[in-house]
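Taken in sequence, the protein lines are chains A and B. So for the first sequence, our numbering puts the first residue at 1; every next one is plus one. So for the second sequence, our numbering puts the first residue at 1001; every next one is plus one.
Keep in mind the hints are simulated off the structure, nothing from the lab. Note that the coordinates shown come from a computational prediction; the quantities given were computed from them, not determined experimentally. Among the hints, a few may not be true.
[What the hints assert, rightly or not] With a straight-line cut-off of 25 Å between C-alpha atoms, the simulated DMTMM-like cross-links for lysine to aspartate or glutamate are:
no.: 1; chain 1: A; residue 1: Lys8; chain 2: A; residue 2: Glu22
no.: 2; chain 1: A; residue 1: Lys8; chain 2: A; residue 2: Glu39
no.: 3; chain 1: A; residue 1: Lys8; chain 2: A; residue 2: Asp23
no.: 4; chain 1: A; residue 1: Lys8; chain 2: B; residue 2: Asp1034
no.: 5; chain 1: A; residue 1: Lys90; chain 2: A; residue 2: Glu39
no.: 6; chain 1: A; residue 1: Lys90; chain 2: A; residue 2: Asp23
no.: 7; chain 1: A; residue 1: Lys8; chain 2: A; residue 2: Glu94
no.: 8; chain 1: B; residue 1: Lys1346; chain 2: B; residue 2: Asp1289
no.: 9; chain 1: A; residue 1: Lys8; chain 2: B; residue 2: Glu1070
no.: 10; chain 1: A; residue 1: Lys8; chain 2: A; residue 2: Glu21
no.: 11; chain 1: A; residue 1: Lys8; chain 2: B; residue 2: Glu1063
no.: 12; chain 1: A; residue 1: Lys8; chain 2: B; residue 2: Asp1035
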Amino acid sequence: MDTTQLLKGVLDVAVLAVVAEEDGYGYDVLRRLRAGGLEQVGDASVYGTLRRLYSSGALTSYVVPSDEGPHRKYYGINAQGRAMLAAQRKDWFEFAGTMSRLLETETAR
Amino acid sequence: MSSTHAGHGVISDAHTYAAEVRRHLLGLTPEQVDDLTDGLEADLGEALADTPGTDDLVSRFGEPRAYAAELRAAAGLPDGGVAPARRKSFWRWLTLPIRSAYEASAEGIDVLRSQTWWPPVGELLTSLQPVAWVLRGWVAYQLVFAVVVGAMFGLRMSWAPFGNPLLFLFMLAVILLSVQWGRGLWIPTGRLRRLPRIMTVATLVVALPIVASLSTRDVEYRYETVVEYADGPGVADGVVVGGMAVSNLYVYDAEGNPLDDVQIYDDRGRPVQTMVDNGFGVWDLYGVDEPWRFASVEDEDGRTRWNVYPQRGAPVNDFGDETDAEGHPTLVPGAMLRIPPRPFAKAPALASAVSGEASTPGADPTAGETPDPATSPSGQATTPSPDPDTSPAVDGAPAGQEPVAP
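Extracted from the complex, chain A is given alone in its bound form:
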């Protein structure tokens, strides 16, 4: 199965979970996602997702200047983002449970 297709649906909640852990800039979030096991995730997908979550009001953003080189744009979670994360986390567990039950039943037959 092409996991990149699966990933599309859950990237939001994955990014929210990572940012909720600790504020991070684009590449930092990407690195933590990959370290968490989502090896397939694309750079631009993560950055785009961060921007979209920010635009929708789930994340805050601030710029941290760098001593040398370009500045970094950090993202942090806010109350709306936490609420979104909680709801999506619940959805995910329900969905995963449903899928697990379904698939187990199918294999049991």
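Knowing the structure of chain A, use the given hints to seat chain B on it.
Frame of chain A; chain B shown alone:
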């Protein structure tokens, strides 16, 4: 880990790559592009530094065009085509100055953002946004007022139409609309999405002349008010010598001795007053450091009289914070009303007084055309009373050499 040199090369490459990505985001507004790619260089540079051995960004991140497409799709922005850009070319040409200004200002903001002091300042400015929304609404109201209401009904512009409930409600409604726009509510979608922000900038530009005209009008108004006052008793009354308002009058008898408590009337029997403000004013006296305040005299009928000269007063510091029934400051304990320094201890005597005998009407400076010229060779001065029906409540003081009256 890369050396400084290698690191620099990576960043420079990341710049080129990021620029390519931006180029492929052309269908979006500069704002969206900025939003999508802010900090991209840092992310690219660090990602590249994390994978040693790859100097070619295209092999690491793929074609910039694909990268841009992925970025845009993940951000939930619509796919930009080439065709719409061509179709809009005239529009783009028309709006080029606006867009250039916008991009330049965005660049300027980027420079600001990279300063260490920016975060608190930026937060402060962001928290002031609602003020801009209210101001925007107010300016919009003023514009509508000036163009429609003012022109149709000939009403004057004002800071707020307090006297007109309907207009006031209208103003509140416009401000509310502006604030709701600012909050992202009631906002037109699609093409007009950026209208509120443009309006904010326009507001700041338009607000200046409006505020300027309103405040100069206020100044003019105040000026008119002052003129009204000046047309009143301030200039037309009082005693003026050589263009200067006179604070006090000093009277000398024929021998040149100073007289105290002299009442002065004009030819119609009106009291001649130097104080036209009931003694509330403070006077700078010639040759006296401290400003003085003067007090009135009461006659036997209990009336306040301001035409008894020389008027007595005291330096302002002798008056305390307490006031009497009429609101005049009262003297501090121990202080006394007194006559300010006279211009001369003694004036030149008149020829008739020196020669000793006959007093002629023409020689008496204080009596004028009154029937009883009042000097006597003995040095006594009688009260000059030019008005027969005014009782001499204030006695003519014996004109001694001492200026201080009992």
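Return the numbers of the hints above that this structure violates; sort them in rising order.
none
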